[in-house]
Structures are given as structure tokens and as C-alpha cells.
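Peer 1: Sequence:
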Amino acid sequence: FGDPRSEECINIELETLKIRAGESFLDFCNRIQSVRSVLMSKVNQIADPNMRASKKTIYEHTSLNVFLYNLPESMVRIVRLKGPTTLEAALGIVLEEVNFHDQYQARNKMSQHNPSNSTQKPVTPTFKFG
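Numbered by full-length UniProt numbering, the letters in the sequence shown go through residues 1 to 130 in order.
Because the hints were derived from the structure by calculation, they are not lab data. Please note that a few of the clues may not be correct.
The following label-pair restraints were derived from C-beta to C-beta distances [said to hold, decoys possible]:
id	residue 1	residue 2	range
1	Phe100	Pro49	39 to 45 angstroms
2	Arg20	Glu60	20 to 26 angstroms
3	Gly83	Asp27	21 to 27 angstroms
4	Gly22	Lys109	19 to 25 angstroms
5	Ser111	Ser54	51 to 57 angstroms
6	Asp48	Gly92	28 to 34 angstroms
7	Lys56	Ile78	25 to 31 angstroms
8	Ala106	Ala47	41 to 47 angstroms
Taking lysine to any residue and the SDA-like style, the derived pairs with C-alpha atoms no more than 20 angstroms apart in a straight line are [as the list claims (entries may be wrong)]:
id	residue 1	residue 2
9	Lys42	Arg31
10	Lys42	Leu26
11	Lys55	Leu71
12	Lys56	Arg5
13	Lys42	Phe25
14	Lys42	His61
15	Lys56	Glu97
16	Lys42	Glu23
17	Lys42	Lys82
18	Lys42	Gly2
19	Lys18	Gly2
20	Lys56	Val43
21	Lys18	Asn70
22	Lys55	Glu97
23	Lys56	Glu15
24	Lys56	Glu88
25	Lys18	Gln112
26	Lys56	Ser6
27	Lys42	Asp27
28	Lys42	Asn70
29	Lys18	Leu95
30	Lys82	Thr62
31	Lys82	Met110
32	Lys55	Val76
33	Lys82	Glu97
Keep in mind that this is a model prediction, so the values were computed, not measured. Beta carbons: idealized from backbone N, C-alpha and C, even for Gly.
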């Protein structure tokens, strides 16, 4: 019915997840979410509501940290400055930055192929007084 592994074993899997070569940030986040979901199904079976809530919080933070630890250093700085508290919020920031970077690169390529606008001298009007 469920995953036969222990909660501890699944937690180890979560903590040791690494982004694969060529894997998108979205796909990596989906893998983290899948493992976290299996963990949460184990946690939901705990009778003590305080223990259940504590473990959910721990695994939410672990998921976020695993994602952050696998980002390039320049991306980690940007994401941490924005202070996401969930994995999903961090992913949103990352995707926003990736999209911005892609648009920026495309714009630079276009301006390199069409330099006519950037090399023209600005027109300076001549004013005559008196």
C-alpha cells in the first residue's frame, strides 16, 4: 500500500538528493517534492499531533535546504536574499531568475547581430541665439 521503507530511510534519501547533470531546476524540485510526499505520508501516521507537526516542519525545511544546496552559488545568493520559507517559493524565485537571464541573453544576442542602433552618434540639435 505505501512505501515499505522506514521514515529514517526516506529522510536519508531526501537529504542526499543531488541535481543531475542536465536536470532542470523544476525537475529537481519535483523529485524533492516526491520524496517529501512519501515522508509526509509516513508522518501522517504518527498519533501524537505535536510530533507530527514538528516532523512536518523539519521535513519542509530539509526540502528547502536540499534545493538551495544544489543551486549554483550565484543563484543561492539571489534566492536567499529574497528569503523564501518553502521549497515552492524558492523554486518560483529560481524560475523567475532563469527566465530573466534567458531573456537578457536573447536580448544581448539580438543587439550584437543588429549593431546599427548602438553605433550611431546621437543627434545634437544646434541652437542659435540672437
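Peer 1: Regarding the pair Lys56 and Ser6, is the alpha-carbon distance no greater than 20 angstroms?
Peer 2: Status holds; Cα separation ~16 angstroms.
Peer 1: Taking only the CA atoms, is the gap from Lys55 to Leu71 under or equal to 20 angstroms?
Peer 2: Roughly 25 angstroms between the alpha carbons, so the hint for Lys55 and Leu71 is violated.
Peer 1: Note whether the CB distance of Ser111 and Ser54 lies within 51 to 57 angstroms or breaks it.
Peer 2: holds (53 angstroms)
Peer 1: I want to verify a distance hint. Is the separation of the beta carbons of Gly83 and Asp27 within 21 to 27 angstroms?
Peer 2: holds (24 angstroms)
Peer 1: Given the hinted pair Lys18 and Gln112, is their Cα-Cα distance within 20 angstroms?
Peer 2: violated (37 angstroms)
Peer 1: Quick one, are Lys18 and Leu95 close enough, alpha carbons at most 20 angstroms?
Peer 2: holds (18 angstroms)
Peer 1: Has the given pair, Lys82 with Thr62, been kept, meaning a C-alpha gap of at most 20 angstroms?
Peer 2: holds (18 angstroms)
Peer 1: If you draw a straight line from the CA of Lys42 to the CA of Phe25, is it 20 angstroms or shorter?
Peer 2: Violated, at about 26 angstroms.
Peer 1: Does Val76 sit within 20 angstroms of Lys55, going by the straight-line distance between their CA atoms?
Peer 2: violated (25 angstroms)
Peer 1: Tell me if the straight-line CA distance from Lys18 to Gly2 falls inside 20 angstroms.
Peer 2: With Cα atoms ~24 angstroms apart, Lys18 and Gly2 exceed 20 angstroms; violated.
Peer 1: If you draw a straight line from the CA of Lys56 to the CA of Val43, is it 20 angstroms or shorter?
Peer 2: Between Lys56 and Val43 the Cα gap is close to 7 angstroms, so the pair holds against 20 angstroms.
Peer 1: Does the Cβ distance between Gly22 and Lys109 fall inside 19 to 25 angstroms?
Peer 2: holds (22 angstroms)
Going through the hint list in order, the structure does not satisfy hints 8, 10, 11, 13, 15, 16, 17, 19, 22, 25, 27, 28, 31, 32.
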